[in-house]
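Participant: Assemble the whole structure, with the sequences as input and the hints as a guide.
Here is what each chain is made of, one letter per residue.
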Amino acid sequence: MRLRRGTLWLGGLIVIVLALPLIVTSHFAIDIFIRVLLFAFIGVAWNLMGGYAKQLSLGHAAYFGLGAYTSTILLIRFDVSPWIGMLAGGIVAMLASLPIGALCFRLRGPYFAISTIATAQVLMLLFLKFRDFAWGAEGTTMPNLGNAPLMMQFDAKSAYYYIALGMLALGLVITYAIERSWMGYYLVAVGEDEDAAEAIGVNAMRIKRQIYMISAFLTGMAGTFYVQYIYFIDPQTAFSFNISVEAALVSIVGGIGTLWGPVVGTVLLEATSALLQSWFGSSHGGVQLTVYSLILITVILWRPSGLLGVFTDAYERVVHAGRAHAREPTLDG
Amino acid sequence: MAEALIIRNISKRFGGLRAVQDLDFSVGEGETVALIGPNGAGKTTSFNLITGFHRPDSGSVLAFGRELVGLRPHDVCTHGLARTFQVARPFGRMTVLANVMTGAFLRSRKPEIARERARETIEFVGLSAKQHTAARDLTTIDQRRLEMARALATNPRLLLLDEVMAGLNPAEIDQAVTLIGKLSKSGLTIVIVEHVMRAIMAVARHIVVLDHGQKIAEGTPRDVVANQDVIRAYLGTGYAHVATPGDGAC
Amino acid sequence: MLVTVAQAVVNGLLIGGIYALVSIGVTLIFGVVKIVNFAQGEFVMIGMYISYFLATYLGIDPLASLIVAMPILFVVGVLLQHFLIRRVLGLGDMPQIFLTFALSLLLINVTLLLFTANYRTVQTSYTETSIHLGEVYVPVAKLIAFVVAMVLSGALWVFLHATDLGKAMRAAAQNPDVAMLMGINPDRVFCVAVGVSLALAGAAGCLLMPFYPAYPLVGQVFVLMAFVAVVFGTLGNVTGALIASLMMGVAESLGVQFVGADSGLIVVFMMLLLTLAFRPSGLFGGWTR
Chain A
1 MRLRRGTLWL
11 GGLIVIVLAL
21 PLIVTSHFAI
31 DIFIRVLLFA
41 FIGVAWNLMG
51 GYAKQLSLGH
61 AAYFGLGAYT
71 STILLIRFDV
81 SPWIGMLAGG
91 IVAMLASLPI
101 GALCFRLRGP
111 YFAISTIATA
121 QVLMLLFLKF
131 RDFAWGAEGT
141 TMPNLGNAPL
151 MMQFDAKSAY
161 YYIALGMLAL
171 GLVITYAIER
181 SWMGYYLVAV
191 GEDEDAAEAI
201 GVNAMRIKRQ
211 IYMISAFLTG
221 MAGTFYVQYI
231 YFIDPQTAFS
241 FNISVEAALV
251 SIVGGIGTLW
261 GPVVGTVLLE
271 ATSALLQSWF
281 GSSHGGVQLT
291 VYSLILITVI
301 LWRPSGLLGV
311 FTDAYERVVH
321 AGRAHAREPT
331 LDG
Chain B
1001 MAEALIIRNI
1011 SKRFGGLRAV
1021 QDLDFSVGEG
1031 ETVALIGPNG
1041 AGKTTSFNLI
1051 TGFHRPDSGS
1061 VLAFGRELVG
1071 LRPHDVCTHG
1081 LARTFQVARP
1091 FGRMTVLANV
1101 MTGAFLRSRK
1111 PEIARERARE
1121 TIEFVGLSAK
1131 QHTAARDLTT
1141 IDQRRLEMAR
1151 ALATNPRLLL
1161 LDEVMAGLNP
1171 AEIDQAVTLI
1181 GKLSKSGLTI
1191 VIVEHVMRAI
1201 MAVARHIVVL
1211 DHGQKIAEGT
1221 PRDVVANQDV
1231 IRAYLGTGYA
1241 HVATPGDGAC
Chain C
2001 MLVTVAQAVV
2011 NGLLIGGIYA
2021 LVSIGVTLIF
2031 GVVKIVNFAQ
2041 GEFVMIGMYI
2051 SYFLATYLGI
2061 DPLASLIVAM
2071 PILFVVGVLL
2081 QHFLIRRVLG
2091 LGDMPQIFLT
2101 FALSLLLINV
2111 TLLLFTANYR
2121 TVQTSYTETS
2131 IHLGEVYVPV
2141 AKLIAFVVAM
2151 VLSGALWVFL
2161 HATDLGKAMR
2171 AAAQNPDVAM
2181 LMGINPDRVF
2191 CVAVGVSLAL
2201 AGAAGCLLMP
2211 FYPAYPLVGQ
2221 VFVLMAFVAV
2231 VFGTLGNVTG
2241 ALIASLMMGV
2251 AESLGVQFVG
2261 ADSGLIVVFM
2271 MLLLTLAFRP
2281 SGLFGGWTR
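Chains as they are written, first to last, in this note's numbering: chain A, 1 to 333; chain B, 1001 to 1250; chain C, 2001 to 2289.
These are computed hints drawn from the structure, not numbers from a lab.
Any given hint might turn out to be false.
Claimed, not checked - Taking beta-carbon pairs under 7 angstroms as the criterion, some of the chain A residues facing chain B (in silico):
{"#": "1", "residue": "Tyr185"}
{"#": "2", "residue": "Asp193"}
{"#": "3", "residue": "Ala196"}
{"#": "4", "residue": "Glu198"}
{"#": "5", "residue": "Ala199"}
{"#": "6", "residue": "Ile200"}
{"#": "7", "residue": "Gly201"}
{"#": "8", "residue": "Val202"}
{"#": "9", "residue": "Asn203"}
{"#": "10", "residue": "Thr330"}
What the hints assert, rightly or not - Chain C regions said to be covered by chain A (calculated; three or more residues, Cβ under 8 angstroms):
{"#": "11", "segment": "2085–2091"}
{"#": "12", "segment": "2097–2103"}
{"#": "13", "segment": "2227–2236"}
{"#": "14", "segment": "2267–2277"}
Glycine is no exception: its CB is placed at the ideal position from the N, C-alpha and C atoms.
Facilitator: Rendered as structure tokens:
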């Protein structure tokens, strides 16, 4: 039985990725890997909505923050394990996406994006004010429980790596399953032409709502993980606009509406970010975003559908001597 | 013959413009009805009103016994009405097969079944050779075929075709007419908006004529072609005259 | 009590004039070019920095710097449309949104790198003075800003309705294909639209300088207000944007006065949410279905 080339590549990748923390032990490096895995996961969550259904949200930090605060409140006020908190956070985020979606979906395109930005901002403002319930502007640190796996606290950084890896794998599996099912087709249809989709029986409102819920749930989980990892939460961090931006950016740069796009985009952007940090130090925050924005502008002008197309083109040309397709990857039946 | 579609006095205003006024006609099951009229007569608006893209200000639309007014387009489609658009709207990012499968998913969530149904429909409209071509790479005419296949994949009982023959050459028109004929024979009720007279005469026994949003004539092709109001609407007052049976108007 | 309300209303109207300049710019670009300029606020910021440097190094009053800033930004707008925006037209929402969004990020962060996050202010002879209308006091700097903003808005209205180029712009906004058939060059019209829009943003910046600090993120506050005003006043409707901006200025001001200092933003968001919930097409919106 001849294994397909793609499967071999995938298998190799999985082995490398699983073994990475064992080979590379520098804390700095593992931290970068964790960031890559986490933001790739957030990107995958965003991509379900923004890449397939073309509902471009710039306010996903809302769900990130809601997830983060839910698990933190449950942990500190009620001694609930963050593992459960992660699920609870996801559910809270998912439920929040219903009223938010109901309002924001009334606008299309850029105005939808703006209303999502507004939502995340409102949430940040609210949490800045909730002193009694949620520690207000100063935020809080996580109680230090030492090595407490059941409470999602680990001495070994590699543990966080594997959790993030697991989350990313989950996100990818969900995306893959959706892509191949009726839902995947419906999402792309709505993203391409909502009215034409309606005309063939697609309930556009319902599918947008459904994918928003899934996307919000996953993003909420990411929020829990992040605050557990950095042992700290405050409104500026949890509802940070930068998170919303990066969630969208990695997919756009990497390959909007594709399975691996967000992963490619995250690797590229985080690698750039790490390089910038080592050259300029973290005092020049403006440098990172300047470079990100230049990368984004370049991608938009040159390859609007993302760089994954460039890589698959290169692969085609080198391996199969195939034609270049300078556009969005086509979805076949 | 049971009525597939009953349109009762529907009207629609857009701001100051009365797009459709008191439109009233019926379509029997299995019939093919042509909706004709000069540009701007309200034909596409009527389609939009029937399929739920706009809501009529008044009147009712009964399809197979069910009131459609107030339903969203996807519900109208679920109920058995499929339509094509005047300018084809394919899902460019998907292949022909994927496009049609999206339509087929209305009746079955299983990809294998949807794929099978899609393949049959693609075969029927003659696009099998191009089923893996991206929709955005198709010619306009093939995009129209795709549009029809996608609509057919939803297993409709009534098909609304909006100017599918615009810009086709005579050979292509014949192909389209044959296709429509086959659909009609299989029992499908069809309402077709068209300008190409030849095609209309070939497929429809029942014609409804619109002008300025109102129905000005209805009947067999013969009746309609001799009708003074119809002639006036299309050609202006100067051409109205008394037609005699030997006129050869058909 | 009445005085407090009157004061709040006056304050709100005055700042509303500035919001109007920004939101008219946004709605003009949206109406004509059909894209949303996420970077509009950054051009206000650029106007402020131009004004700041002219005042600090050449002693030029911010009001006079209008004469410098507006033409500069007009040219920037033409270049922006011709070289960047034109390349993404017709490609769908995503490239359009993210191009201007990336531009916004770029401008903010380059400014941050070049000039740091420090607040820059300008003191003029009239920065601290006010005139009194009964018991209400009207800060002179804000009053001048309001008056100039209204004059510019009026000038724009005249331009759109009484000049050939302006009418061509409205034609292109309503029906680009027909406009093209009638010999109107869309790119030329778009360039003018973007140029005018950015010039208005720059003007807003200059007018703000006497009483507001310049810093890299300053545009973000104004652009958010502008977007809400544009939605509230109906997308593409210049008069709507003006009226909506004034209303929002007053709403924000009343909120700050009676609810609390931070509430301005919340009041504005409430307006957005209410609009979305009950009348998504805005004050002047037509039929949607």
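Participant: Hint by hint, note whether the structure agrees.
Facilitator: Results of checking the hints against the structure:
1. Tyr185: Holds, about 4 angstroms.
2. Asp193: Because about 5 angstroms separates A/Asp193 from the closest Cβ in chain B, which is inside the 7 angstroms limit, the hint holds.
3. Ala196: OK, holds: A/Ala196 within 7 angstroms of chain B, min 4 angstroms.
4. Glu198: Since chain B brings a Cβ to about 4 angstroms from A/Glu198, closer than 7 angstroms, the hint holds.
5. Ala199: holds (6 angstroms)
6. Ile200: This interface hint holds because 4 angstroms falls under the 7 angstroms limit.
7. Gly201: holds (4 angstroms)
8. Val202: holds (6 angstroms)
9. Asn203: It holds, given that the least Cβ distance between A/Asn203 and chain B is near 5 angstroms, below 7 angstroms.
10. Thr330: holds (4 angstroms)
11. 2085–2091: With 3 residues close enough to chain A, the hint holds.
12. 2097–2103: holds (count 6)
13. 2227–2236: As far as the segment 2227–2236 of chain C goes, the hint holds, because 4 residues have Cβ atoms under 8 angstroms from chain A.
14. 2267–2277: Check passed, 5 qualifying residues.
Hint compliance for this structure: no hint is broken.
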